[in-house]
Amino acid sequence: MFPAGKQVMMVFLLGAVFAALTLLAPAAAFAPFGGSASTHDSITRKALLQKVQEMCQPAAEGDSQDFGQTEPSPEELVQACLGDDVKGDVSGAKFFMALREISVQNGLVDLDFLRSAPHHFHSEAFLEGRGLIMEGMMAIKANIQKENFKAARETLGRILHTLQDFYSHSNWVELGYKEPYISLIRPDLPLENLADVSTATCRDCVSGQCPNQILPNILRDKILTSGYMGIYSSAKPRGKCSHGGGSDYTSTRAPRGGINKDERNPHNAAFHDIAVNLATAASLQLLEDIRSAAGDQDFLRMMGIARSSVVAFVIDTTGSMSDDIEEARSVVYEIIDSKNGTQDEPSEYILVPFNDPDFGPLIRTTDPNKMKSEISKLKAHDGGDVPEMCLSGLQLALTGAPSSSYIYVFTDAIAKDIALKDTITALIRSTKSTVSFFMTTAYGRRRRSVTAASFEDYKDLAVASGGQAIQVSKAELPKATDVILDTSTSALVTVLHKAWKGDTAETFPFMLDESLKAVTIYITGTSITFTLTNPAGVSQNYDEAKGKLGVIQTVGNLNRIRLNPDKQSGTWQIRIGSAHPYTLKVTGQSTITFIYDFVEKFGGPHSGYAVLSGRPQAGQPATLMLSVLGRKGPSSVTVKDIGLLIVSSRDEVTNGSMTDLGKGDILVTVDKVPEGEFVVVLRGLDKLSNSEFQRQSTTQMSVSKLHIQALVSSSVEPGKTLMVPFQVMTQGGGGSYTINARNDKGFPMTFPDSLVLVTEQYGNATLTITPPASTESGTDVTLTIDAKSSSGADSNYVILRLSVVTKITDFVQPQCEVVNVFADDCPEDQSQCGHFQWELSANLTDGNGTGIERISLRQGAGILSHSSLTAPNIEAHYNASCCSQIVEFVAVDKVGNVGKCYHSIKRSDASPAGTLSPPLWLCLLVSIFVARP
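Read in order, the letters of the sequence shown correspond to residues -29 to -1, 1 to 904 in mature numbering (1 follows the signal peptide of the UniProt record, and there is no 0).
Honestly, the hints are just simulated from the structure, not real lab data.
Don't take every hint at face value.
[Unchecked claim] In silico lysine to aspartate or glutamate, EDC-like type, Cα no more than 16 Å apart, as pairs:
#1 472 to 431
#2 341 to 305
#3 343 to 298
#4 450 to 636
#5 871 to 267
#6 445 to 297
#7 310 to 167
#8 193 to 167
#9 117 to 747
#10 634 to 167
#11 877 to 799
#12 350 to 298
#13 611 to 688
#14 193 to 163
#15 348 to 294
#16 871 to 859
#17 759 to 724
#18 149 to 267
#19 17 to 163
#20 865 to 781
#21 877 to 795
#22 611 to 631
#23 611 to 636
#24 472 to 427
#25 310 to 457
#26 676 to 747
#27 350 to 297
#28 691 to 747
#29 488 to 427
#30 877 to 810
#31 603 to 47
#32 343 to 305
#33 392 to 453
#34 716 to 688
#35 343 to 329
#36 472 to 648
#37 716 to 747
#38 871 to 824
#39 676 to 571
#40 403 to 568
Sequences are here, hints too, so could you generate the full structure?
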């Protein structure tokens, strides 16, 4: 495989793999950062950016944007894709997060599947490797159809790694091929000339650095082979090539050496360069596959290209909630009506109703009118006893919404399902979503005893996520929902967030920079007094509704301060007095922001950094992988310091040491992690305005002495049982630890309810999960496993995602036959083309396949129409101006197989009317599977 590069890898390490990583010394050739011009990370990023740029270039040209010869930044690409109609600041953070998520999963293959030959095309495992790619493509298409974009991104990263490894680990390059091996993504095409196990393929290389070890007869006969890789053993079939490198034991047995092209060295520089180019081209082919099956809009949604954040509502529909439902409906209508067509228009709406005992379903749509329709259907009914299934509804929202979403819960009752609180906290930390509660008081409802449940639980969850816990009367609720309008924006950032116990008055300083707009301060608590002061010393007290600094609105336990647009840049401060606990949050709109993950370093032949799924380990330094986004890309800001801040303490920041990885990526190491709940704080300089800025994460984190590792190695078919092995280890005291597991679909599971642990030794267990036979293909399941000490003082968790995918048996792409082309009227003089038209008619069929589901125009400015898709033979008709000389349309069947119909009337490449010659008809298969080997 190519080196990891600036790669972050999800750590789910098990059994022998764990042993391998701890016993092997890192190979110097596989540096975790840099060390090579081309890495899996750089190849993947280049292909993704190129594909998105290709898709959005027409819109950019229409808006007079010019990317020039340089690679556009994520911010520039997002703006180009959204078009010039969207005015104002648009953040590239979600696109950047999507790029990272795919890259993370790409690197994960080197960790979780270290010894799996098919995942790396080692040991001539060509059929099995292609099977993994096909299975992944099938899952991606199914996930996108179900709008499970996170699951699609994760699988995409993994199969891109396997596909890229083919060109580095096989002899495809040595055989002289200059184009990608299309059969790797086309199961209808055979894998030809595969070496059998008894065929010798390499000559001996004593130095281990020979330019080409492949035997002459293998080169002559175009026989395909790949290197054998042995981490524990030197065994390999007689005469076979080795992978090579210090961690490959087979390279010490004749024929010695290795044929991998992972690194660019003097002996293989030319082959390495070709392998990189082919891996990039193959990645683009696979991405085009997925784009064609998904359609441009859903492909871009998978890539995080969106105007604004997702807005999710979780609404109690019990009998006393009529007024609350009406207010939620009004807020949704106002968001839709006021922000339609602006940069602040939500990219998606999610609605989850809950009652007792029912909750759900999750309703999601990008159509604002459909959202209006769905929320208008909500009616208050049933209920009567106070506790309701609030956290079950919230769980659906957290697992269904994209990361970093804003979720708003409306309820007047405590949680009946309080046992889910730890799971909700884990999901908040994992998704980095912000949850705010609007809690009203219902009169006349029976209270039913629920252990430890109260509105304080909602406050705990709101604080953990960086949200608000707003408690008002039903009459006051309409005045409190401005918070939702504030956060429905494309570029919301947090400047400061504090959770304070109260008692004595406290002063909180915060930095406002020139880029910030719509700055809003929220104080949630009771009996609050405060004084706000700007850098010039001008002050405004809590009882001045309209003052020199802004407008203050007080409703229930919420104080909302919207600063005047002419706010002054510099250090502000707010002094708050209250004898009760309260939270303080300062937000604004700006494209200067950051994204981050806690990671840990691992060794092995392909060392790197792995993203932590749970809480960081206690007693060890904390490491973060952080990316900074500026108004004109990362080069437009200078980062001064990054640290961890206890949200309930004063400004005591534990700063970390920084390593600049380029392109805005920074590795941060904090030697002494603070005790308690902390957040990430970043300070820097905006070069465009020469003003200092500060940004803060919203999601609270803390350390744990527990460590959980788990691995989902494949998708699962409906009705089949999947086994998920996991391990738990404690650095604290040994003894019995409670194990709990939940999934957001309620699928049947088995797992042990406890494990007896010995300090610093892993305890092993297995969970099984069985999706019902009726489960729809593409369903994404979020699985949470948590462990807790007997005292409850320490706990940790791991969050896994798995896809339910029906086995595909239809591998045949739709077929196209051009019937007629009428273009004789088109003039040779293109300056006269606007007065003339040309036409094309074609017949399309899916044969004995699943049937054509969609036909869409890919290229051409004309009009495409077709007969009913339910007919076995579909007639398509295309009409266009003679100025639009190329047409390409795509036919997708019900399992994602894709055919592309292409025709040109350009004089240089046109065929006689009614005929079709290559490359005028291209039929590319895009979805397939296959049973996992």
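Now the hints, each set against the structure:
no.: 1; hint: 472 to 431; in the structure: 13 Å, holds
no.: 2; hint: 341 to 305; in the structure: 15 Å, holds
no.: 3; hint: 343 to 298; in the structure: 13 Å, holds
no.: 4; hint: 450 to 636; in the structure: 41 Å, violated
no.: 5; hint: 871 to 267; in the structure: 15 Å, holds
no.: 6; hint: 445 to 297; in the structure: 11 Å, holds
no.: 7; hint: 310 to 167; in the structure: 63 Å, violated
no.: 8; hint: 193 to 167; in the structure: 13 Å, holds
no.: 9; hint: 117 to 747; in the structure: 9 Å, holds
no.: 10; hint: 634 to 167; in the structure: 45 Å, violated
no.: 11; hint: 877 to 799; in the structure: 9 Å, holds
no.: 12; hint: 350 to 298; in the structure: 12 Å, holds
no.: 13; hint: 611 to 688; in the structure: 50 Å, violated
no.: 14; hint: 193 to 163; in the structure: 9 Å, holds
no.: 15; hint: 348 to 294; in the structure: 14 Å, holds
no.: 16; hint: 871 to 859; in the structure: 7 Å, holds
no.: 17; hint: 759 to 724; in the structure: 11 Å, holds
no.: 18; hint: 149 to 267; in the structure: 29 Å, violated
no.: 19; hint: 17 to 163; in the structure: 30 Å, violated
no.: 20; hint: 865 to 781; in the structure: 9 Å, holds
no.: 21; hint: 877 to 795; in the structure: 12 Å, holds
no.: 22; hint: 611 to 631; in the structure: 12 Å, holds
no.: 23; hint: 611 to 636; in the structure: 14 Å, holds
no.: 24; hint: 472 to 427; in the structure: 14 Å, holds
no.: 25; hint: 310 to 457; in the structure: 11 Å, holds
no.: 26; hint: 676 to 747; in the structure: 39 Å, violated
no.: 27; hint: 350 to 297; in the structure: 9 Å, holds
no.: 28; hint: 691 to 747; in the structure: 13 Å, holds
no.: 29; hint: 488 to 427; in the structure: 33 Å, violated
no.: 30; hint: 877 to 810; in the structure: 14 Å, holds
no.: 31; hint: 603 to 47; in the structure: 8 Å, holds
no.: 32; hint: 343 to 305; in the structure: 10 Å, holds
no.: 33; hint: 392 to 453; in the structure: 27 Å, violated
no.: 34; hint: 716 to 688; in the structure: 15 Å, holds
no.: 35; hint: 343 to 329; in the structure: 22 Å, violated
no.: 36; hint: 472 to 648; in the structure: 14 Å, holds
no.: 37; hint: 716 to 747; in the structure: 12 Å, holds
no.: 38; hint: 871 to 824; in the structure: 14 Å, holds
no.: 39; hint: 676 to 571; in the structure: 15 Å, holds
no.: 40; hint: 403 to 568; in the structure: 10 Å, holds
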